[in-house]
Amino acid sequence: MSTVEQDPYATAAGLVARSAAAYAASVPDDPADEGFFGPGSVAWRVSTDLSSPVAGLRALLLQALHPLAMAGVDQHSDWRQDPVGRLAATSAYLATINFAERAVAERAAARVRRIHERVTGVDSVTGRPYAAGDPALLLWVHSTLVESGIVVAALFGTPLSAPDRDRYVAEMVVAAELVGVPRGQVPASLAGLGAYLGSVRPELRCTPAAQESMAYLLDPPGLDEDIAEIWLDIRNAAIAALPSWAREMYGYPEPLPLTDSRRAELRQALGVLDTVFLGEPGVLEARQRIELRVRAARRP
Amino acid sequence: MKRLLTTLTIGGLIAALVLLGRRLWRPGSAGTTRLRVARGTAAIQLAVRGGMRYASSAPRLFAAAGEHRQRLRTDLALQTAEDVATTLGAMKGVLMKIGQMASYVDDGLSPAVRRTLSRLQDSVPPMSGELAAQVVTEELGQPPELLFDRWDPEPIAAASIGQVHRAITRDGRAVAVKVQYPGIAEMIAADLQNVALLRRMLRITAPSQDVDALIAELRERVLEELDYRREASNQRLLAAHYAGHPTIHIPGIVSELSTRRVVTSELADGARFAELAGWSQAERDLAAETIYRFTFRSLYDAHAFNGDPHPGNYLFHGDGKVTFLDFGLVKHFSPAELQPLIDMVRYLCVDEDPAGFRAAMVRAGFLIPDAPVSTDTVVEHMAVFYDTVRRPGPRQITGDYASAVVRRFFDVRSPLAQYVSVPRSYVILQRINLGLFAVLGELTATADWRAIAEEIWPFVQGPPSTPMGAAEAAWRARRGGPDRLPA
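Here the protein sequences come in this chain order: A and B. Following the working numbering, the numbering of the first sequence begins with 1 at its first residue and continues without gaps. Following the working numbering, the numbering of the second sequence begins with 1 at its first residue and continues without gaps.
These are calculated hints, taken from the structure and not from any lab test. Remember, predicted model here, so these are calculated numbers, not experimental data. Backbone N, C-alpha and C fix where the C-beta goes; we use that ideal spot for every residue, glycine too. It is possible that part of the hints are untrue.
Beta-carbon label-pair distances, calculated as ranges [unchecked claim]:
#, chain 1, residue 1, chain 2, residue 2, range
1, B, G66, A, A188, 51 to 57 Å
2, A, D78, B, D387, 37 to 43 Å
3, A, A188, B, A274, 33 to 39 Å
4, B, D400, A, L232, 52 to 58 Å
5, A, E291, B, V350, 55 to 61 Å
6, A, A296, B, Q70, 54 to 60 Å
Selected chain B positions facing chain A (in silico; Cβ < 10 Å) [claimed, not checked]:
#, residue
7, R71
8, L72
9, R73
10, S118
11, A404
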């Protein structure tokens, strides 16, 4: 796959196509059960929201600020050699956890846990040992994703009501459990989530690995100029959705104020990106499978 | 390669919309001009066997429309205005409209663009019967079940921003009722108002000085199309203009049942474009002759041009009789706008005066004054567009010819490329080249196009050259009166 050892990162060619293929293949045709969330869940609404690519990117930006989480990715995964494959695998995993039947989701989670077992080492920046299976790191990754879904839907998607925010946090507890976080450690309410995220902040810093990998993600080489144009909007939306302390850690400039027209423009970019995504084979059918399940569940 | 495909998808969509995406033009292999027939909004507009003259009884038409019902994903039907917003908001409605406008040039688009456009159309399910009824009620003041003698709550066809229902009016006419998605016009208008993104995307495919003009043109056209009253008025005028024509039929509008978001017209039924593949070449030639006459009679006599020469917008009845559908994209020309076009064809094809032709091109704004290219080069570049009418005699229009015309239009390597442009008011006319010839090429139609053109050219007004021409001349003599439609 990768022959470019001298070049630290492979290009981002095929980002949309491979993510789309991974997504389409992970949405089942005729599942034995409705999985861990089900058609009536807030989780399904959040993950099918137009804004979800921005939520994913914002979550990655936050996750990378944990030096130990970042070190695990940087030193072990094939992230540098095949970043697109890594992102596609992540989107496949999320789609599986969301939409696949329980047995399939459990098998996917078991696979991830097995891979995590081998990921251990010492972070060169802090000198601290890490293990990818450490519930503390897994919880950080989990919580940033959940919080990003809520924040980004409010800014660029269909905002969740206050009760639905709590419900979403509670629903997502099982996702953390699946990768190995004991249930008791996982925040189950919005307030609990906020308190947890605040408690981790003293540990966060922008290591060179974080700076470098996020720079790659924000401006992926090899994306053609046309899609790069849209990607600029997606990433600017993600940066705008970050807490200001996170932007400061990275040293990103203050984003343009999110006026109504700026927000509309970013939503348009999301719509165009989604249109491209929809043009990839299998994506429309996958969405229709989800929608039909939602409708079937709604029927009395 | 994958990367390239993705690129072409976005850039292509945008370029297609303005028909200026030279960068994206990838000539198909020779002879592969195939028009998309089954899908596409216009394609979808219901076909109507029409009018009084080809009349069958209303119940029979109603039944025939049901038999031709397009298969739609009613299991995914949009049930609320919010569903519509989710499906068509955030530029998707705009992109779909653009896709519709560009769909008949899809031979000029890359497979990736074509795929994206058709996927986008596929991604929009019909409205539920309840939602459609709600729009009808809002627009016409009564629920359709009360308004009509018979109303089929299930649509018979989709349209990009609406769908078509069959009905029978209280006075017994079988009609096609096109109902617009609720809120779609407002969403598209808002997206075309906030143009920062569109402007940035267009800069990639078009010179920057053109971008604002293109957006303005796009906005005007799309907003026009969103107001069904305009379509109704165009169709009403053209139906009146062609009333009694021997082969051209335009279904009448039922004015009292037509509003901004609902347009009701006579139901018609006939053979679809795809079915012509099984017809004799003689029949296909006659159908092509009617389409050709309709296009240029409308332009020269009525100063109106239907910018949607999509194969789905025709119904065929044999003997050259054609029903024309969908008048959402009609451009009216002022005499001042038309004159340079007339001069161009006259100088090139009749007077054989290259310098006069070039001067007319400059007057029209197609060519910048004093471009450092020889007049021979100008003529050589442009001649392909006039190829069918420069010389007399029978001539077959092939898919190859249609492709060549499109290729030339998008040819960036031409020595002329940097000096030519298409002024805003003529953008729509390029659809003759991009759409009409594609349709005629698909029919592999043969005729003496020059002789037919001479009948129609106002500066020649030649004698009838075919039996259809003779019948048309008799019709014109009968109808008398001013030819020109009020704009």
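Outcome of the hint check:
Checked against the hint of 51 to 57 Å, the pair B/G66 and A/A188 passes, with Cβ atoms roughly 54 Å apart. Restraint check, A/D78 to B/D387: a C-beta distance of roughly 57 Å breaks the suggested window 37 to 43 Å. A hinted range of 33 to 39 Å is violated for the C-beta pair A/A188 and B/A274, which are about 58 Å apart. The hinted window of 52 to 58 Å between B/D400 and A/L232 is violated, with their beta carbons roughly 42 Å apart.
The hint said 55 to 61 Å for the Cβ distance between A/E291 and B/V350, and at roughly 60 Å that hint holds. Restraint check, A/A296 to B/Q70: a C-beta distance of roughly 24 Å breaks the suggested window 54 to 60 Å. For B/R71, the shortest C-beta to C-beta distance to chain A is roughly 14 Å, which exceeds 10 Å, and the interface hint is violated. Annotation: interface hint on B/L72 violated; nearest CB of chain A at approximately 13 Å, more than 10 Å.
Evaluation of the B/R73 hint against chain A yields a held restraint, the C-beta minimum of about 7 Å falling below 10 Å. About 9 Å separates the beta-carbon of B/S118 from the nearest beta-carbon of chain A, less than 10 Å, and the hint is met. Because the closest C-beta pair between B/A404 and chain A is about 28 Å apart, greater than 10 Å, the hint is violated.
In this structure, the earlier hints numbered 2, 3, 4, 6, 7, 8 and 11 are contradicted, and the remaining ones agree with it.
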